[in-house]
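Student: So the chains spell out like this:
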Amino acid sequence: MKLLYAANLLFMCGGFLALWTRRENFLAGLAGCLGVLSGCICLLVPVAGIFFGSAGPVSSKMLPFSFDLLSAIFLLPVVMVAIPAALFSPCYLKGHDTNGKGGVYWFFFNMTLASMTLVTLTPNPLFFLVAWEMMGLMSFALVAFEYKSAETMRAARTYLYACHAGAAFLILLIVLLDGDPLTGIMGLTVFFLGLAGFGLKIGLFPLHVWLPEAHPAAPAPVSALMSGAMLNLGFYGLMRLVIQPSGPLEVYGWCFLTLGAIGALGGILFAAGQDNLKRLLAYSSIENMGVIALGLGLGFLGGADDDVIIASLGFSGAILHLFNHAVLKGGLFLCAGSVYKAADTLRMDRLGGLLKRMPWTGTLFTLFSLSISALPPFNGFLGEFLIYLAAFTGIVTATGPMFAASLFCILVLALTGGIAAGVFVKAVSAVFLGEPRSPEAADAKSEKPGMVIPIGIFAILCLAIALWSPAICQNASPLIRYFTDLPPEDINSQLITISGYLNKIGILSCAALVLFGLAALFRAFLSRGREERTEGTWDCGYAAPDARMEYTGSAFVQPTVDFFSFLLHSVKRVRKPEKLFPEEASLEVETPDGAGRFLWDPLFRLTGKISDKVRILQSGYLHLYILVMIVALILMLVWGFAFHPETSVPGTSEDNGYLEVQTAQAGGDRS
Amino acid sequence: MTQGSFLFADFPIIAALILLPLLAGLMAFCARGRHRLVRFTLLLGAVTHTLLTGMLFFAGKDQDPIYKVTSQWLAFDDVGGIFLALTSLLFLAVAIHTVFWLPPEEKVSSRHDPSGAPLMRDHTFSACLLAFLSMMTLVLASRNFGLLWVAVEATTLASAPLICFHKGAHSLEAMWKYLLICSVGIALALFGTLLLTLAAQNLPSSSLGMDSLSFHMERLHPGWFKAAFIFILAGYGTKMGLAPFHTWLPDAHSEAPGTVSALLSGSLLNCSFVAIYRFLNLSPSALRPFCDGLMLVLGLISLAVAAFFIIRQTDYKRMLAYSSVEHMGIAAIFLGLGMGSEPLAILHLCGHSFIKVALFLVAGNILMAYGTRSISEVGGMLGTVPRNTVLWLIGLMLIGGMPPSPLFVTEFLLVSSAPLWLGVTVLVLLFAVFCGMVSGFLKMAMGKGGVLKTTDFSARQAERLWFIPALLLLTALLAGSYLLFSYELMNFWMKS
Amino acid sequence: MSQSQSVWIICFLLSLVLCPLFPAVINRTKAFFAGRHGPRYLQVYYDIFKLLRKGSVYSRTATDVLRLAPMAVLGALLTAALLFPFGMTESPLAFCGDFILFFYLLGLARVMLVLGALDTGSSFEGMGSSREMQFSAFAEAVIFCILAFLVLLTGRLHLTGVLNGFDVGAWIVSGTSMLFVAGAFFLVMLTEACRVPFDDPETHLELTMIHEAMILDYGGPDLGIILYSSYLKLWMLASFFVMLVLPVSSGDILSNVLAYFSGMMLTAVGIGVLESIMARFRFLKIPQLLIGAFCIALAGIILMLVFDGGVQ
Amino acid sequence: MTGFPEIILAAILATDLILVSASRLLHCIRIVAIQGFLLGILPLVLWQWDESLPHAELLVVSAVNIAVKCFLLPYLLRRTMHSANVKRELEPLVGYSISLLILLCGMVCAFIFGSNLPVTNFSVSPLVSPVAFTTMGAGILMIVGRRKAITQVIGFLVFENGIGIFGAGMMLQYGLIVELGILLDVFVLVFIMGIAVFRISREFDHIDSDRLNRLGDFPAEVTPRTGDDK
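Chains as they are written, first to last, in my numbering: chain A, -18 to 652; chain B, 571 to 1066; chain C, 8 to 319; chain D, 77 to 306.
Hints may be right or wrong, so weigh each one.
Incomplete in silico selection of chain B near chain D, CB under 8 Å [what the hints assert, rightly or not]: (1) LEU717; (2) HIS740; (3) GLU743; (4) PHE761; (5) THR767; (6) PHE879; (7) PRO913.
Restricting the straight-line Cα-Cα distance to at most 27 Å, the calculated cross-link-like pairs of lysine-lysine (DSSO-like) are [said to hold, decoys possible]: (8) LYS75/A with LYS1023/B; (9) LYS557/A with LYS37/C; (10) LYS129/A with LYS75/A; (11) LYS82/A with LYS1023/B; (12) LYS1018/B with LYS322/A.
Calculated from the model, a selection of chain B residues having no Cβ within reach of chain A, i.e. all distances over 12 Å [unchecked claim]: (13) ARG602; (14) GLY630; (15) LYS677; (16) LEU864; (17) ILE871; (18) SER1009; (19) ALA1049.
These aren't lab readings, by the way, just hints derived from the structure by calculation. C-beta: ideal position from N, C-alpha, C; glycine also.
Take these sequences, add in the hints, and give me the full structure.
Tutor: Next comes the structure, spelled out in structure tokens:
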């Protein structure tokens, strides 16, 4: 407990020191960085203690703080993402941190971390709400860092709206929670309120609008932090406050399942349509949140009809995927950040061929992409594997709705996985492979070690997760025991078998690597002594191929996007080739957010229209104002005397007479 | 808090509280031309008022028989005392700000449009300010409904000239509307007061003294009292800015200089709130539900109107004005909830006053820097006037009720104590208001800078005036967090 | 180590050796239908060896991705092969859910190939790989649908169990749904292996290629490795199909193995026949075809649920 | 129904009607003066003389009343009118005859209901409340239905008079201080309004308050639509 307080204090000290010394960028960066690092290390000790060791939950007497496994599960990603992000920041900030902006950045960065820790630490609803709002505010300031551009302004505004709307839901939620233990319809109301309030943070599908706006606008480390660590906290809030162990598990399960499915498919489809790298990553976060929700949904359904296997597979899969997503998305966003610094654009149709200039970043990005599209020898596969397995188990054992759920889950996962592979192949190839598609990409700067090392840390973390995955899955058992009423010993034995599977996968992955190595050796042996030339790309007889003939990212995903156009409604800007010898022709495809376009914008526009209508009240005519006053007065009188006769107890007739006089005066005044 | 329970009835001090500012105002008026002296007098008036307030509180709550007679007319009960302290502190703050704000304002406004309308002479300005202060004190002090009426009308008269500090067509129009609408409203209140005497006819002592009335509260004639209450609500509601009687408010607040609009919205509205509050407490128990319902309806209407006018508002001072309407509406809803939520209403108003005064002062600075009140023309303030912008945004968060703002506490309690439908409605409307304000404020704070450079004279002048708003906001922040944590910890300890 | 597992090793090695014969048989069949004589069976081996002994030419644009891709593909496919129960035997490495791993390894191979293709920055290869990624996304959905059916049928959770878990009885009891599923898988197999009607391996027009377009820039050993791994992939898919359509599970292993290999030959001949009587579809048609396959598989599952897939 | 009070009240009624139909500013001002005078003597008339002499408070109040409402305010108004050289015509928004009709029907209603108002136990004459309400109505009518700013001042005064009539007729006493305070307020108000009118006429070179409509939120300027989405 003390260490946790210490961590918060360190964060705050770092933040304020940075703010204090914001005139000297170096000092500010140092202070902020040290604050983050020391704080994270302070956090790491108790978290690791309760996560891998056998430390029990602790709680403080005086303050409404307590720290248990659930907190640890959600605090660990925060730490894992925060350290490299902090290390990455100084390099990223170079050139941005004029006149003390660096110090401000560090201040808010630290504050965000502090509030995130507080969110995970307090079970008390009110404190939770406050910490939650602080988290939103501080991260809002970080999103608004590049305040000069109009997009950033829009993004920050959307994000703030989302935060405040979520807070409004949570206020209602907490007000309802204050009462006696909730059952039946009230319990459901609370659950849906919580789903709305926290779904805004998680980015469940119709509520995700702020996500693809805010992530491209924010600085890369911030997007890493938000996407890797902050989105998960929504799940934390749901588990901590909303979901009662005694509650209707199947309702929870079905909600998570449907929302997760929509989120996964919709997220990845919209990701396919994006041209901006960070937008693409943001949508893929939505997809992964959907996958986690699928896992949780299966877990709850399994708990609902007492199926130990499904429950434990679902929960552990969800947790594992949560960790994987945190680390991978952090790494990807950092890579995107260094790409941005190198070529200062994120439009994939203008990038390309960066692998030559930034080999390390490119390689790591490629590995992360393979991993996050859940391909086997990498850690990203493990989580989805467990969720798949849960679903297949459902196919074997369950019947009726549960069977349908499992089949549905399998199909969604399969389709998502397929498209995700395409999307990330597009990302890698459009950014790093082939020829540069624009001058700024052509003379991109080479990567800086200060940026590569933090990304490398993420890679190491991926490996660590892959190795420790059985241990991570073991930690699911208390959760399952808390939420469901399954026999603990079954859960534990089941988890042990699960870690057996994970070990098998580990062995096979090693086998794959070994075989790959052998193949490489064989290949080297073959090309021994043989001459090896380099030529231009084979261009099927066309003399001078150049970068303009290259396949762009948009072209790459065009078949998929067109196929799903009934969902995506992409906007195409075509300039068809004209004349006999066409000079200019161009095609730009962009996919603005569906929910934003077809749900929220019309809503807000409607409100705006109504407000324009209402303005007639304030038209500036004094006569009108006074008339309105008098009419309102008379209405009040009528209301008072015609509809509240019970109050005029003594002598009703008198009061009626009085009323009529007033109405008479009304007659006099209707001019 | 029942009427007339504990009274700060120390007559000499009260008289001094009311008269000294008047005297100071007279001094300032006579000292025309000698700017230093004028400003010094302004400060003097403010400081003495604050000191006297302190003395009043230290003089303690006594029922000294000597003051029996005078306390029929002038005394402070708890509510009056709280608002007196608030008013006097805020006035002190505003006065200090004004002293530093006047000279650059004169320079800058001449720069912004050389051929523009002249400014009000500062001796008149200070005189009116001081008179305004004393009249507000009178409102809070008066224990007689007739006197109350006189005082409220007097506040209108004292504050009306302040509105056209920039002697221009627009400010004239605003002042005219303010005068006429408020006077008509107040005339309604006068009629209401008459009806009150009528309702009190069959009382042993037929006078307008609050104590006697509240003593015989239950014996007031219900029909007459209901009529009286409606008229009073219309009248003082006009002054308090409850929709649909609020129409003067945005014009006056937007046209008046920042300091004046700060006072108008930070103190004047509270005074009229006190007036309504006193009448509400007079209502016999049979009528109480009706009166509460009326307050509730008016409050909701004000909230809704404010929301719709804040969305897509193009003038940031009008936006602030409408947000005042909104918060007055919330206070009215608190009163309407009744049953011990009056203290919350008062708390809400105090928090609102601090934040709103700070915001209006900052708005004044921005106006000084940019010379325009339209949101679309102000841009990139973070780059040009960073200090003011930070204050501006902090104020936004506080007024929008984000923790740890005192308004967050009160609004949370409102939602938790109100019935569910009311809570939901209020939350939705608050969200709409917040969206409107955020979009406006962010448009101002972020984006490409407007025509203004950091090095411009006006910008530098505006940057100098950051102290008082910062102080006020800090106070609000600390008070809010204190409230929040004390409340939460209380809950926590209750539970465990 | 049980007998069947030792037999598995033999079958595994045999498959590795024999898989180039599969396309050879297909080619012979097509040649026969075209009235030609066709290349020798061993021609495939000769080609591969010739390629392996050549030097190599790389694109200037390309980076190491291009060089490493073939090995990655080969490694992934070999790993997948480790899980596959060739010849109705039991893979010693089988574990619950290994079919997920299996198909994701195939996916890895595909993605590596695509990356290698895109590395050259040639527009034709971009074209091919984009088509490949789109089709495979659909194909994956179909495959997992089929897997769900098999899991439902056998109640086992690993490839070995799933493929050996039923016998001719299944065809007798629930023939319709088995038929549906087998048809669906046949389509998927053709897609994944880039055969007619989804792709024409013999075409010479880059605009219409998928697989061939992706490997335009490979030559020498790399091309050899890639060809070999594509043969291996085809072989594995085909044997999946074979074990689906003739689930011979007589007690004695030898007959199983024989049945298996003869089945493979028949499949190859069948594919050859199909390819020689059909032409390649338009690319726009292919997703619809795959969705059709998906529907068939789903129909199979539903039949299975409703009345055990029988045709009463 | 015969006696001083009734006569005076009737006179006030007459002034209302004339006021509403008067087309000249000077007329209006004179009528307001007369009304003020009548209002001032009303309490004295209503007083039951047979019992005793009215006590000093009453006398003082009515004296000041007459002084302010009959002489000071009209004087102020006239001065404003000259200094702001206002045109003499009123240019009504609502035509004279129309407003007369409105006032008439208002008066009728006021009589019908004001007479059976439960105030007989305080009021001396049944005419009081009808007349009072009619006068207030006339005031509002002047404010809302006339174009010039100065007529709105007059309207406000008439409204105030109406309230005064009600109070006086019911023999309701606020007490000396309050009465004087009210009068002072009204006086200062009219004073400031006079200045305002003067400056308005200088700024806008007219004092038609219906053209004082530059402030206000309607019609809202159309902001770029990207503005408030989401």
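Student: Now tell me if each hint is right for this structure.
Tutor: Evaluated hints:
1. Given the 8 Å rule on beta carbons, the hint for LEU717/B holds: about 6 Å separates it from the nearest Cβ of chain D.
2. Interface restraint check for HIS740/B: the shortest CB-CB distance to chain D comes to about 6 Å, inside 8 Å, so the restraint holds.
3. For GLU743/B, the interface hint holds, since its Cβ comes within 8 Å of a Cβ in chain D; the closest pair sits about 4 Å apart.
4. Given hint, PHE761/B at the interface with chain D, holds; its Cβ is 5 Å from that chain's nearest Cβ, closer than 8 Å.
5. The closest approach between the C-beta of THR767/B and any C-beta of chain D is roughly 5 Å, which is under the 8 Å cut-off, so the hint is satisfied.
6. Taken as an interface hint, PHE879/B checks out: its beta carbon lies about 6 Å from the nearest beta carbon of chain D, inside 8 Å.
7. Taking 8 Å as the C-beta cut-off, the interface hint given for PRO913/B is violated, the closest approach to chain D being about 31 Å.
8. A C-alpha spacing of about 24 Å is found between LYS75/A and LYS1023/B, which places the hinted pair at or below 27 Å, so the restraint holds.
9. Distance check on the hinted pair: LYS557/A and LYS37/C sit about 43 Å apart at the alpha-carbon level, beyond 27 Å; violated.
10. Note on LYS129/A and LYS75/A: the hinted pairing holds, with a Cα-Cα distance of about 17 Å set against a maximum of 27 Å.
11. Restraint check for LYS82/A and LYS1023/B: the C-alpha separation of about 18 Å stays at or below 27 Å, so the hint holds.
12. Using a Cα cut-off of 27 Å, the hinted pair LYS1018/B and LYS322/A holds, with the two alpha carbons roughly 22 Å apart.
13. Listed as a non-interface residue, ARG602/B keeps its Cβ farther than 12 Å from every Cβ of chain A; the least gap is roughly 33 Å.
14. The non-interface label for GLY630/B is consistent with chain A: the shortest C-beta to C-beta separation is roughly 36 Å, beyond 12 Å.
15. Distance to chain A confirms LYS677/B as a non-interface residue, since its nearest Cβ pair spans about 26 Å, more than 12 Å.
16. For LEU864/B, the requirement that its beta carbon stay farther than 12 Å from each beta carbon of chain A is not met, with the minimum near 7 Å.
17. A Cβ of chain A approaches the Cβ of ILE871/B within 12 Å, the least distance being about 9 Å, so the stated non-interface status is violated.
18. The Cβ of SER1009/B does not lie farther than 12 Å from every Cβ of chain A; its closest approach is about 6 Å, which violates its non-interface assignment.
19. No beta-carbon of chain A is positioned within 12 Å of the beta-carbon of ALA1049/B; the least distance is around 15 Å.
Going down the numbered hints, you'll see the structure goes against 7, 9, 16, 17 and 18, while the others check out.
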